[in-house]
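*Asks:* Just need the whole structure built from these sequences, with the hints factored in.
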Amino acid sequence: MLSVKYLTKNFDGLVAVKELSFDIREGEILAIIGPNGAGKSTVFNLMTGTLAPTSGKVFIHEENITGLKPYQIVKKGVARTFQTTSLFDQLRVIDNMLIAYKWRTRLGFWNTLFHTPAWKSQHDQAARNALETLDFLGLADKALAFIPTLSQEEQKRLAIGIALVCKPKLLLLDEPTGGLIQEETERIALFIKKVRDQGTTVCIIEHKMQMIMGMADRIVVLNYGQKIAEGTPDEIKTNQAVIEAYLGGDVHA
Amino acid sequence: MITKPLHTKLLYGFILLAALLLPLYVPDPYMFQVVIMSLIFAIAVLAMNLIIGFTGQASLAHAAFFGFGAYGVAIMTKAGISFWLALPAAASISALIGLIIGPPALRTRGSYFAIVTLAFGVIVWIVAGNWVQVTGGHNGIFGIPRPTPIPIPFIGAIEFFDQPAQYYLVLVFLLLTLFIMHRIVYSIFGLTFMAVRNNEPLADAVGINTFTTKLISFVIANFFAGLAGGLYAAIIGAVSPSVAAHLLTFNFLIFLILGGMASLAGPVVGAFAIPILMELLQDLGHFRMLFFGVLLVATIIYFPRGFVGAVRQLNDKIAARRQAKS
Ligand SMILES: Nc1ncnc2c1ncn2[C@@H]1O[C@H](COP(=O)(O)OP(=O)(O)OP(=O)(O)O)[C@@H](O)[C@H]1O
Ligand SMILES: [Mg+2]
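Taken in order, these protein sequences are the chains called A and B. Each residue of the first sequence is one higher than the one before, starting from 1 at the first, in UniProt numbering. Each residue of the second sequence is one higher than the one before, starting from 1 at the first, in UniProt numbering.
Nothing false has been slipped in among the hints.
Cross-link-like lysine to any residue pairs, in silico, SDA-like; alpha carbons within 25 angstroms at most: (1) B:K4 x A:P148; (2) A:K75 x B:P103; (3) B:K317 x A:P148; (4) A:K76 x A:A127.
None of these hints come from the bench; they were simulated from the model.
*Replies:* Below you can see the structure in the form of structure tokens.
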């Protein structure tokens, strides 16, 4: 459904991503792994328009989306989370969800000013959707809570929820369990599988090998911005280049 | 979306009643004039609150847009156009100018946006003082007609020559502004403004065109700044470059900060209480400024959400203590 083609990103001198190509297939969980600084987050930023690529293209269902802005790309059905949990932390949980659902509605200035019938029905629909998603996240009872009162795991869940509430076709998760303990990680992993089973394709960046091996359908391994391997978890486990990269050996040796 | 508790509703009802009856107990015409001015300023500060408090964009050109409204009404009504046409027209012109300077100004962020808008404000002030044929230069424009009387069948007409009529006229516009701001702020549309203020990259990532959102907020704010300016011109009957000066912007800003940002009550409290306090402290002379300076610094440090924010904090604390007891 989404293809990355020969993507390259230069940060004045530093090549963070180099000639990277891979596909995300409908209905799968694709994991992107690699050592620190391998360029994983940069790939997400290039896919979602946060950064402009130096060269290369991104396609979704054959449509070229390279160069679109983040708010345009989410409307193509690609939603994302950030590596450091990013929320609207001055607002309540429900407000976070409503904001993320807004682009699907026509709740603009005039409809809001006159409380038109369209405003009423869409407002209700947005609220219903937000509550349903909160229920799915297991945060229904926190709807009116302010963000700082949530636990770290709840905040991570909500961050995923913000991406999910607009019903994307593809969900990009950047280390959704970073900083969580084993037990919390397992709960989030189960949750991500549930998201996929509901029909959302998932692409996930992770460091936790055990979790990834048990969850991903396919894995893409990056090192120094380049793809060094791609395959099923079993193939990756036994891949020589991957083992060397993770043991700190020189890949090209 | 948030329903206010009963005692808050009662308080608002009481304030509305007190406002409606004000002409009965206001001590003297001078104080009455201060109150009328406060209500006009409250409209302008509510508008400033939308762009600064809710959207997080420090526009310091606010008085310039107040000035567009004031000069707009002054010029149009002196040319014989009805006040009731001139006022919305002047507010719309103010909004339109916002729509034109917004796109280049909003390319900048944070303090750069503040500087760019401040510079624009200063330019407008200079032009107002020098474009003699249109603005009357430093002397300004005198003899602006009072709001056109509203004819009422059989009874006669509502005229706006005395203070009570002017007061009710301004009060109606303040309530209208509050009503519209309330609709905006307590809606999903309004939440997008706060989203931009709170976390712009995330807002962008969840499908909000942050640039357009800021521009809409800026234009709405400038419409109401212009509206307030237009009312000012017709009530005072004269305008001079000082109505477009950055000094006035900073007055609005002080009302906003002391009253309370990002709340609807804050701007009204600030615009109302501070001029009145100023009058009451008349005896202190220039030492008043020292007093307000200290108050301002203390507020920014200890109560960043101003008076209304502090009251809310207190309210929440009491509620929490009650909950803990039961
Ligand atoms: N905006 C930027 N400007 C300059 N250099 C950057 C920028 N973003 C990332 N980099 C650099 O690009 C490289 C790849 O960074 P990236 O964040 O994509 O790595 P990562 O694989 O996500 O690492 P981690 O596992 O630590 O999150 C790093 O060397 C980083 O310092
Ligand atoms: Mg990263």
